Amino acid sequence: MRVAVLKGGRSLERGVSLRSGARVEDALERLGHDVLSLDVGADLVRRLGEERPELAFVALHGRDGEDGTAQELLEILGIPYTGPGVSACAKCMDKVLAKHELRDAGVPTPDWFAFNDTAFRDLGAADALAEIEERLGFPLVVKPARGGSALGVKFAAGAEEVPEALVAAFSYDDRVLLERFIEGRELAVSVLGADPLPIVEAIPHESDPYDFEARYEIGRTTFVCPAELDDGSSQAVTAVALRAYEALGCSGFSRVDLMLGAGGPQVLEVNAIPGLTDTSLLPQAAEAAGIDFEQLVERIIELADEGAPIGASD
Amino acid sequence: MSEPPHRRRAHASARDLERYGGLFAERTKVMRSSAMRDLMAITARPEVISLAGGLPDTSTFPPKSFAAQMTRIAQESSAQALQYGPTEGFEETKDCILQVMGAEGMLPEPEDVIVTTGGQQAIDLITKTLVDPGDPVICEAPTYPGAVPVFCSYQAEMIQVDCDEQGMRVDRLEEVLAGLAREGRRPKFIYSVPSFQNPAGVTLSFERRRRLVELAREHEVLVVEDNPYGLLRYEGEPLPPLFQLEGGDYVIYVGTFSKILSPGIRLGWAVAPPPVMEKIVLGKQAADLCTSTLTQYFVREYFSEGRWRDYIADLVEIYRRRRDVMLEALDKHFPAQATWTRPEGGLFIWATLPEYIDSGDLLAKALREDVAFVPGHAAYGDGRGRSSMRLNFSGVREEEIREGVRRIGKVVAEQIALYERLTGELPPAAAPQRPAAGGESADVLPFRRAGEGRG
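Residue numbers (the numbering used here), protein chains in the order written: chain A, 1 to 314; chain B, 1 to 455.
You may find that some hints are simply not true.
[Stated by the list, open to error] Taking beta-carbon pairs under 7 angstroms as the criterion, some of the chain A residues facing chain B (in silico):
hint, residue
1, Arg14
2, Thr118
3, Gly152
4, Phe155
5, Ala159
6, Glu164
7, Leu166
8, Tyr172
It should be emphasised that the hints constitute simulated quantities derived from the structure, not laboratory data. If you're wondering where the values come from, they're calculated on a predicted model, not measured in any experiment. Using N, Cα and C, we set each Cβ at its ideal position, and we do this for glycine too.
Modelling step: build the complete structure from the supplied sequences, incorporating the hints.
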């Protein structure tokens with residue numbers, strides 16, 4: 001089959017995307033597919049039109065790729081693609097939108113408040129900070145609404161650290177959220193089609209649990225898969241993750257990040273198109289389920305065919 | 001079926017990386033945050049005005065001369081220029097090096113000189129020769145960002161001594177040396193860029209130079225003097241290099257043609273006392289046998305024309321203007337809360353923002369405005385420098401400097417305005433901050449406020 005791999009682009013996560021894409025291309029070639037490698041840019045639509053691939057493998061992370069934009073274009077061109085559709089991507093990309101969807105669907109997610117920069121500029125939102133802080137408690141987490149990896153995610157241990165954290169988060173997006181910090185275990189459940197994969201637990205080495213960057217540095221975090229959880233917790237986590245996946249309308253594959261605290265599992269976010277690099281969590285989880293990377297890629301392609309938009313496949 | 005032309009076969013597959021994962025050495029684990037590295041990769045987009053480079057402007061080198069020189073090499077010395085050369089480098093290359101060092105008053109013995117693949121290799125070879133895992137290495141705070149991965153890869157313990165506008169605080173250095181002596185430890189060397197430092201742009205004062213080499217003698221510790229920019233002085237009187245002041249017993253000198261001719265030719269050098277040089281030569285043999293013969297021939301040809309000092313004079317004119325344009329732009333576009341250094345030479349200005357601004361996060365915002373700089377923490381091994389940035393003026397045209405600084409000033413101003421709205425007041429002098437890993441918290445550089453101290 002002739003498969004276009006969409007990777008790179010202009011997002012801040014360009015580097016991860018290029019690594020995901022390269023790895024997928026390798027696997028596709030070994031599976032005997034005809035691979036068209038596309039570092040997405042201004043010529044994307046033209047190239048797709050000329051090359052007419054039978055399928056697009058979307059290995060884009062961050063804006064333009066994971067937010068549904070590229071998927072929208074693929075639908076217009078009638079090219080089936082891997083992973084979630086436009087609506088799920090758009091919802092997952094924006095953590096605020098996603099959390100509303102989750103809460104509406106009764107999926108537990110930590111309490112939060114979200115603001116645009118205009119709220120501080122024009123509406124005096126700064127005056128509400130003390131109230132917000134009282135409701136969420138400390139420490140709290142400040143995040144850009146859209147953005148991947150740990151970029152711009154900061155902890156604030158006390159009120160004096162909140163402004164600095166907000167300034168950092170607003171560097172990445174004009175909307176940010178302040179979220180209650182859930183003390184507990186950091187887990188990720190990847191879903192392939194309708195099937196949950198074994199749970200991955202991230203265990204940071206460093207004593208500072210608030211150092212988000214550590215998670216993305218080799219050697220500073222250990223990932224355990226399957227996570228060592230009792231059956232009850234394991235089932236509860238998986239069930240919540242599946243509900244989140246459904247609530248956001250995901251299909252094909254995605255990864256749900258959760259915290260398991262005293263009050264049970266709570267969903268932090270859903271990554272519509274999680275990383276597929278050699279250190280990414282979804283491939284690790286698949287591996288733990290006995291699915292090697294080639295099989296994973298093959299399965300993702302099958303799922304794309306099953307879920308192809310009407311009129312797009314022949 | 002024929003292979004389509006776009007099939008990608010260029011780089012090693014990710015799957016292969018995994019297969020080798022268990023084989024990686026401990027020292028490979030000191031890599032920097034990948035998220036930030038990815039950010040830096042984006043600065044290479046063509047639409048981005050990058051003040052992040054460390055580039056000399058090679059467009060000023062006349063292509064005609066380049067063509068004539070290379071033609072002469074091909075016609076007259078083809079076989080030799082394509083052959084291996086001695087590990088130490090050609091005598092003729094060393095003659096050129098002696099001329100360059102002579103221009104700053106230094107007179108090394110040719111046999112103490114080794115020609116290296118850029119100054120970077122000299123730093124690598126010196127560290128390889130002297131440092132065992134865990135050995136202390138002292139350097140400036142901030143230090144040359146390119147030296148940090150070298151020290152890390154040999155698992156040195158980096159100890160950084162703060163700088164002010166007179167360069168390294170030698171009084172602090174004295175304390176560090178005394179502290180180490182009490183612990184029975186001896187640093188292997190003190191790494192310094194005394195003139196127009198990368199990244200801070202500051203220059204070590206004459207008094208401090210004297211004191212630094214005195215301390216080196218007292219403590220029998222080597223100083224590695226990295227001097228890529230010494231001849232690129234735009235104002236003020238030249239200061240003697242440490243090598244000249246000390247006499248060369250305890251100073252290892254590192255030089256390069258990168259900033260006075262071309263970084264693409266990868267030609268640098270080191271001067272070291274004979275016993276140290278012997279080991280460095282062995283290390284060089286293991287690393288790459290010899291420095292490119294072809295580019296050594298090019299340098300020989302170029303120097304034989306006798307115009308190399310004129311070319312540097314041209315560069316000095318161009319870079320002085322660019323520095324002035326950047327300083328003016330900073331005055332105009334950076335907010336009053338920012339400070340920056342005013343270098344007398346070199347390629348860089350170091351700007352420091354209020355402590356609540358993280359220049360790594362700021363870079364993400366700046367990239368949306370298509371402008372880039374180097375976040376300050378790259379120049380520290382201990383997490384400091386987060387509110388500073390390195391700005392390059394040598395490799396960017398004047399209009400781009402103005403526009404680039406304007407865009408950075410805009411995003412900084414937005415962040416400051418946001419912070420002030422959030423705190424409901426002008427930020428206090430001592431803004432809230434997390435304790436830094438290195439003990440002392442504040443970044444010492446720099447001190448000039450916008451609009452102050454011109455000249």
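Query raised in the report: For which of the previously enumerated hints does the structure constitute a violation, in increasing order of number?
Result: Violated hints: 2, 4, 5; rest satisfied.
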